[in-house]
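Please arrange chain B on chain A, whose structure you already have, making use of the hints.
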Amino acid sequence: MPERAEKDTWVEIHNLVLEKGQRAPQVPEDTQQVPLEMKVKGFLLQAADVGQEAEIITPAGRRLKGILTQVNPAYTHMFGRPIPELASVGREVRAILQERGRGK
Amino acid sequence: MNRDYSYQAIMAQRPEIMRASVGIDYGKYVTGPLSFDYEGLLSDTGYDLATIRDIQGRTAVGQTPLVELENLTRLVRAVSGPGKGARILVKDEAANPSGSFKDRRASLSAHEAKKKGYPGLAAATSGNYGAAVASQAAKAGLRCIIVQEAFDSSGLTQPEIAEKTRACEAYGAEVVRLSVGPELFYY
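Residue numbers (my numbering), protein chains in the order written: chain A, 130 to 233; chain B, -13 to 173.
Here chain A stands alone, though its shape is the one from the complex:
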């Protein structure tokens, strides 16, 4: 059962800007073979189902169409785990400052 979102819901849509073969001339060959894709968020102008075409109004007031991909999309980026090789740096710096940096 596809997820349905009501009018005025904050959503993300996806569509294509340039087809493969229409890309900027300077892009490498593997990039030439894929289309230029776009994702943008806005408020649904009519109810729509995820995976189907939808129309939104963006925060700048533009009306855009595309395939509805996410409803009230979360921000999922993160900065990963600490780097083990850098874990001792703080301790080393404090030791240098305590033993050699005083009085300068």
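Possibly wrong hints are sitting among the right ones.
[Stated by the list, open to error] Computed list of lysine-lysine pairs in DSSO-like fashion (alpha-carbon distance at most 30 Å, straight line):
no. : chain 1 : residue 1 : chain 2 : residue 2
1   : A       : K149      : A       : K194
2   : B       : K14       : B       : K100
3   : B       : K100      : B       : K70
4   : B       : K77       : B       : K100
5   : A       : K136      : B       : K125
6   : B       : K125      : A       : K194
No lab work stands behind these hints, which were simulated from the structure alone.
It should be emphasised that the depicted structure is a prediction, and the values quoted were computed from it without experimental measurement.
Relative to the frame of chain A, chain B by itself:
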């Protein structure tokens, strides 16, 4: 009449757009092989340093703290040879409203756009300039569109860019995220 919206056709308009919008003959300020009359350029555009400081001040941009990095200076001196180890100070540009020195530039563009009666600001950038433009647009009551190069063919994003997306959306800008390529300037 069918308008040519191909990448080549749109990008070919760039020199004409630059000339028509900026209207500056940069050659006039080149005073030697390595010298440029920057102050002359600023004053001819009506944006001399005093005016800039005043405009930036209205949106809490600039006048950032000068902070001495005492621990780093001591650390450098602790591991350097004799006679080395200048004092290290930093200008804290993260103290600007949207968190970077780009606010300095964006505040002037926003001021100019508002003065000229434009309905909004747009920028093609995946970096700090996007957040700066979105922030200044919000302060000036102007609409904003930021175009980013944001994901690869498997949909992977870089956290730094995703964080800028979040910041721009939080400031009320429309953020258009494109897959990798130079075409963000075309869009």
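These are the hints, each one checked on the structure:
no. : hint            : in the structure
1   : A:K149 / A:K194 : holds (20 Å)
2   : B:K14 / B:K100  : holds (28 Å)
3   : B:K100 / B:K70  : violated (50 Å)
4   : B:K77 / B:K100  : holds (29 Å)
5   : A:K136 / B:K125 : holds (29 Å)
6   : B:K125 / A:K194 : holds (29 Å)
When each numbered hint is compared with the structure, a violation occurs for hint 3 only.
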